[in-house]
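J.: Numbering-wise (my numbering), the sequence shown opens with residue 2 and increments by one.
Everything labelled a hint here was simulated from the structure, so no lab data went into it.
None of the hints are false.
Simulated restraints on C-beta separations:
#  : residue 1 : residue 2 : range
1  : R76       : S140      : 52 to 60 Å
2  : R133      : S52       : 38 to 46 Å
3  : A159      : A67       : 27 to 35 Å
4  : S140      : A54       : 43 to 51 Å
5  : G58       : V83       : 15 to 23 Å
6  : A118      : R76       : 47 to 55 Å
7  : E20       : T152      : 18 to 26 Å
8  : E23       : L105      : 20 to 28 Å
9  : R133      : E77       : 51 to 59 Å
10 : L105      : G151      : 24 to 32 Å
11 : T34       : L122      : 18 to 26 Å
12 : Q72       : A35       : 27 to 35 Å
Beta carbons: idealized from backbone N, C-alpha and C, even for Gly.
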Amino acid sequence: FNICSGTPRAVGEMARARELSERSLVLHEELATAGLETTFERRGMLNVFASEAGFAGGRKEAAEQAAAGPQVLDREGLRELVPAVGGDPVGAVYYPREAHCDPLRFVQAVAGAAAEAGATLRTGVEVLALRRRDGRIESVQTTAGELTPGTVVLAAGAWTPALTRQLGIYLPVEGGGDVEYVLILNG
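Using the sequences and the hints given, assemble the complete structure.
T.: Set out below in structure tokens:
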């Protein structure tokens with residue numbers, strides 16, 4: 002497994018998830034630079050905190066993710082960045098390198114490019130189980146029967162943890178908007 006594998010310990014897996022996120026950001030930018038119409042755009046991400054306790058947690062997380070270049074903003078710094086911010090926030094953490102894209106357009110663009118490159122795409126087919134042997138995915142059980150692919154791209158959104166648990170992988174999925182985990186297994 003390329004990135005998210007090992008024993009089910011949330012702390013270690015979250016570090017791997019952060020690494021996956023950083024790698025994904027680079028890959029998204031490469032696809033956009035190559036001309037794939039993914040709607041990729043670096044707009045940053047702003048986490049605003051209404052309580053001192055929440056802001057303390059945000060500062061701690063920012064320190065742990067220093068490589069991502071977060072900017073910790075007090076109330077005045079936040080109002081300077083976003084003059085129209087409402088309520089009475091105590092502070093914020095701004096991640097200027099974060100990027101966004103339209104999930105549907107991204108999937109359509111990548112699927113089209115994969116098909117042009119010779120990949121076989123199966124839509125409307127549910128994955129029921131993953132079977133592994135010798136550290137590799139041997140087969141994929143689906144509602145359309147069993148498949149024996151060479152590479153498996155696991156992009157099941159909220160259903161991803163249920164599938165990865167079958168492989169002994171604990172993948173924490175947290176709410177927070179359009180969060181996706183894509184694992185390339187056997188790649």
